[in-house]
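Trainee: As they're listed, the protein sequences go chains A and B.
First residue of the first sequence? That's 2 in my numbering, and the numbers climb one at a time after it.
First residue of the second sequence? That's -12 in my numbering, and the numbers climb one at a time after it.
Restricting the straight-line Cα-Cα distance to at most 25 Å, the calculated cross-link-like pairs of lysine-lysine (DSS-like) are:
no.	chain 1	residue 1	chain 2	residue 2
1	B	K182	A	K13
2	A	K168	B	K182
3	B	K22	B	K(-11)
4	B	K174	A	K13
5	A	K257	B	K182
6	B	K174	A	K168
7	B	K22	A	K79
8	A	K170	A	K13
9	A	K244	A	K13
10	A	K257	A	K244
11	A	K168	A	K13
12	B	K18	A	K79
Pair by pair, the computed Cβ-Cβ distance ranges are:
no.	chain 1	residue 1	chain 2	residue 2	range
13	B	E42	A	R309	31 to 39 Å
14	B	T36	A	Q308	32 to 40 Å
15	A	D280	B	S150	12 to 20 Å
16	B	S150	A	E282	25 to 33 Å
17	B	E42	A	S84	16 to 24 Å
18	B	A167	A	R309	50 to 58 Å
19	A	C21	B	E27	38 to 46 Å
20	B	G162	A	N100	29 to 37 Å
21	A	S94	B	K(-11)	23 to 31 Å
22	B	A137	A	G337	46 to 54 Å
23	B	S21	A	N100	21 to 29 Å
24	B	D144	A	R321	29 to 37 Å
25	B	E42	A	G53	37 to 45 Å
26	A	P182	B	I43	49 to 57 Å
In short, the hints are calculated from the structure, not lab data.
No residue lacks a Cβ here, since even glycine has one placed at the ideal position from N, Cα and C.
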Amino acid sequence: MAISGASTLFDKLWSDHTVCDLDSGETLIYLDRVFLHERTGSIALQSLHSAGYAVRDARRVFCTMDHIVDTFPGRGDKTLMPSGTDFIVATRSETRAANIRLFDVDDEDQGIVHVISPEQGLVLPGLSLVCPDSHTCSLGGIGALAWGIGSSEAEHALATGTLRVRKPKNMRVVVDGRLRPGVTAKDLILHLIARFGTNGGAGFAVEFSGSVISQLSAEARLTLCNMAVEFSAFTAIIAPDEKVESYFAARDFAPKGQHWEDACSYWRTLRSDDNAEFDRELIIDGSAIEPMVTWGTSPEQVVGLHQRVPDPAAFTEPHRREAAQRALDYQALEPGQAIADIAVNAAFIGSCTNSRISDLRAAAAVVRGRHIAPGVRGVVVPGSRRVKRQAEQEGLDRIFTDAGFEWRDSGCSMCFYAGGETFGEYQRVISSTNRNFEGRQGPNTRTHLASPSTVAASAVAGYITSAETLVNSESLIA
Amino acid sequence: MKPFVKHTGIAAPLLRRNIDTDAIIPSREMKRVSKRGLGEGLFAGWRYTLPGSREINPAFVLNQPEYQGASVILALDNFGCGSSREHAVWALAEYGIRAVIASGFGAIFHTNCIRNGVLPVRLDEGDIALLAEHVQQDPQENRITIDLQACLVQCGDLQWSFSLDESARYLLLNGLDSIALTLQQHKEINAFEQKRREEYRWAYAPLEESVEGVLP
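Pulled out of the complex, with its shape left as it was, chain B reads as follows (with noise of 0.2 Å):
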């Protein structure tokens, strides 16, 4: 995972709440059984101008060219609700988003921009609003910059500063795989499930009374 220390880009402000991960990407651009091929349908249905073409709609901030190169996102609350499709992750990555800044997330969406190296900020919706007012002026100017290690935000004179979980700014920071890290706790696993596996016995007796016959 590509670790996010600091990061300086154009942010495209989408002030909505709710943005949905079915409007992220819709489910009929997730084409392949893959992680990669997503980043050209991210926000299709906004992107384009019909469903499944790839005529750009000049009307939507991404297509724009004062946003041209975005790389951060300013949303409002809910950003990420909705579906736990990965593939929203994945394709604002490919795209090139490396930050979203909104007032509120998506549980599971967050969890995923974690383990995907995209870090997702939270500030206030007022803040946000003021940020938003002051990229507007001028996109490929007034550029974002993020500081992971800081946990700030910064645009011109203005800055806010986020707080973000110890453990999600730890994988965020040194780029980690959280399974990796979660494989060092092994003895405390195999010692639970044994104990687990004793008291709660009607848990798993039935999976394993009927083992042969479940298994193809």
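Bound-form chain A, shown alone (with noise of 0.2 Å):
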């Protein structure tokens, strides 16, 4: 804290959880919630269980299915993934004699842990919540004090209501301008990567501020803030303001009444002070974001949609160099060819980190009255199902299958292969999620990651290009 005594809204938070200092140099933070899923929370729950140690508190601790549920209508307890199965089982299982409250399978209100938590007002700005997941950092977009765990601290939050954890230091990235039209919140993380580099926040709670930041919806704040892990930020976190308030103030497990007043007026406390000191500042100019798309596999590897791959030679870092020759070996790339000129097989709409109503709306402007390319397999997949519920009174839906994309049931999906669904060896896929790692979305596949609207315009065009190319720019949803 600076010695002024003015503190940054990653202090205060940081403050307000802290139970005691320890000796080691960490801190014992307080944790309001707890979410799990089948993936890594089953295991936790087991092994939490086989140690002879009890959950704390079950009220504050939440569980879904959503990593290798199929997707597919009228799904079950069965999936394509060999075992898949076994993790559903052994989750609903330990939940049940643990007594948290699980999101199942066919339960109306399941979803991706990290679209339902918000969605349902179980996460509110002020809290702190883990999850053994590492895009909980994507909470930190309403102002939660929220970060990415492994199963073995997992356990612990469970055990204790608490994690033992070494202070961050603070970052702030002001992002200030405007953005242009059909410019998102992902093209502005994926901008900010491609200059500092997927370690560029190692170390460090990212605060974004500025006037850019003042105008992202809530859910575009969330998707901003999903991928500071792929940043290598501990989290990152945005002040919670009147949109962010209204956001919360119909939503089930908000407070209500007076509680609704008290968490208002404590919400608005949360804020950096004026003369709060930071240990580094980025400076974004918005205005000069244009829609990213990656071309190898890392997400450092991302350039505007209108540049050209890059040459390897142009690296002068020699490891840089290679990863780069790497990847163009992995995606089958030539260094200089025009990013627009390169041809997918399929394109996918789902993930943590733009499945929400808001990602669905954009893509679905971009696709209304369109179909996909001959040869494109589409696939949507809601974050949850009452994202599903919601576009589907808008008629997204029907644009969506109009156009010839698979309407889907909420989960991860094919953001990640787990030995179930893929796209296919080779296959060439732009998609809305977060990891264009080798492997990432199936054996051998090509991931180009971008925002929705870019991933709808690519699906009708058959090669990847941008909504404006296909839209006016003016009627794009940011």
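Since each chain comes alone in its own frame, lean on the hints to assemble the complex.
Mentor: Structure representation (structure tokens):
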């Protein structure tokens, strides 16, 4: 904390959750909520159980089935992933034994953990939340202190209601100006990673602020903070404002009556003091950002849609040059090739990054009245059952299915390959997900990360293209 | 947890940046609701010729005769980035890896290592390159010694010191479980919780009020 007594937003949340500072230099941080899912939570619960520890307070713990459940309509416990059912069955029995609220396969409120937790008000601004899933940092977008952990840490969180954590440093990323039409939070985070690298945020809690951030919707802020882990940040956070207050106003688990008033007055204190000191500050001109797409196998291997695949020889550091060459080999791309000349075999809209109603609306606005290119497979997977119902009420499902997309049930789906469904070897996928690692969407599958509107436009064109080429840019939803 | 005090072993250089946990263990290799049975899936995408197969890819470092029995991995920046899956560390440990020396680690992976008795050692990229060069001359002969008590990495005449958080060092040296350690603080936790629940009533009331409707 600065000598002046001025604090950053992160410092305030940290201090509000500090049980005590430990001799080891760590802090014991109190956890308001713990979220689990069937892929890693099942092992944490089972291991906790067999070690003889109990869950300290099951009322603050929630679990969902999202990672390996099928997203085919009418799904049950059976999944395409061999042994997937074992994870589902174990999670069900372990959560029941521990009295933990489970959003089961057939639950009307089921969905991806980072989509349902804010959607139902299970996480709120100012609360701390952990989950054995790296994208838990998404929830910083609404002003929560949220970060991803491993299974052992999840066991610790369940047993003690706390975690032992070393305090990260403070970084502020100020994004000024105004995003151009068709440029989204996804493009912003990819732009940041392109400029400062996948390790640019290592050791820091990142606060996003500036005029562009104030303009972002609550859902877009979740997308922005979602990929903070791809920037190696401990977490990211955005000060809650009126937009966030109104986002939570009618959520099931949001406080009501006097509690709501108390919550709002606390939330209004959640901002960095004017003279708070940051260990590092980055300034981004939001007006200069263009729609982005990855060409390689790391999120930092990314350029603007109108640019070209870089030449590995252009990288001065030998390891970056080698990584670029390796990525081009894996992706089967040539140096100097125009990004807009790359043909795609498939398009995927979904994942905890971009599967919320606003994402589906943005993609639907591009495909409305159009059809995906011959030979291209398109898949839309809503992030939650509620998002799915909302989309169907708005007729978005019809827009997608008329255009030739598959309309799925909610879950993580083909964001990653768990041994079940994939787009296929050597298939090129334009994807609204968060990771383009080798094999991430299937053995030898080639992934290009982009925003939902870019994915939608590319599906229609059959090659990577910006939504602006299809629709008047002013009508694009940011 | 197996304590880590001092270890001497064969080091395998895997000199890349951004080796993610999907690469350390692909999701398809996480077949059981268990922390065990994962060693075979370690680096499966690189170690075997075809996805899902067990046909050895002779080009991969761990498959080369001179690296048989390797217990240390040498890598570059951001090792263990990506997914939080602890399976990556469980797979490394089951394969027999006791330490990873890299110029940087994914934060969640780093903690996962400490919780499972695998030592993450941070050295500068240049030092790792030098170390790798020395090892490569004769991996079986030029073994690496990592002394956690002295915080030293040694290889022949070469020697580097490294630092690790005191808490992580303490847990590793003693093979301790952090839950047991934290539960010693149960009085502080209880007192904090009581105070927080009064001060931030709005944060807990919705859960308590809906408890009957929510719990199965």
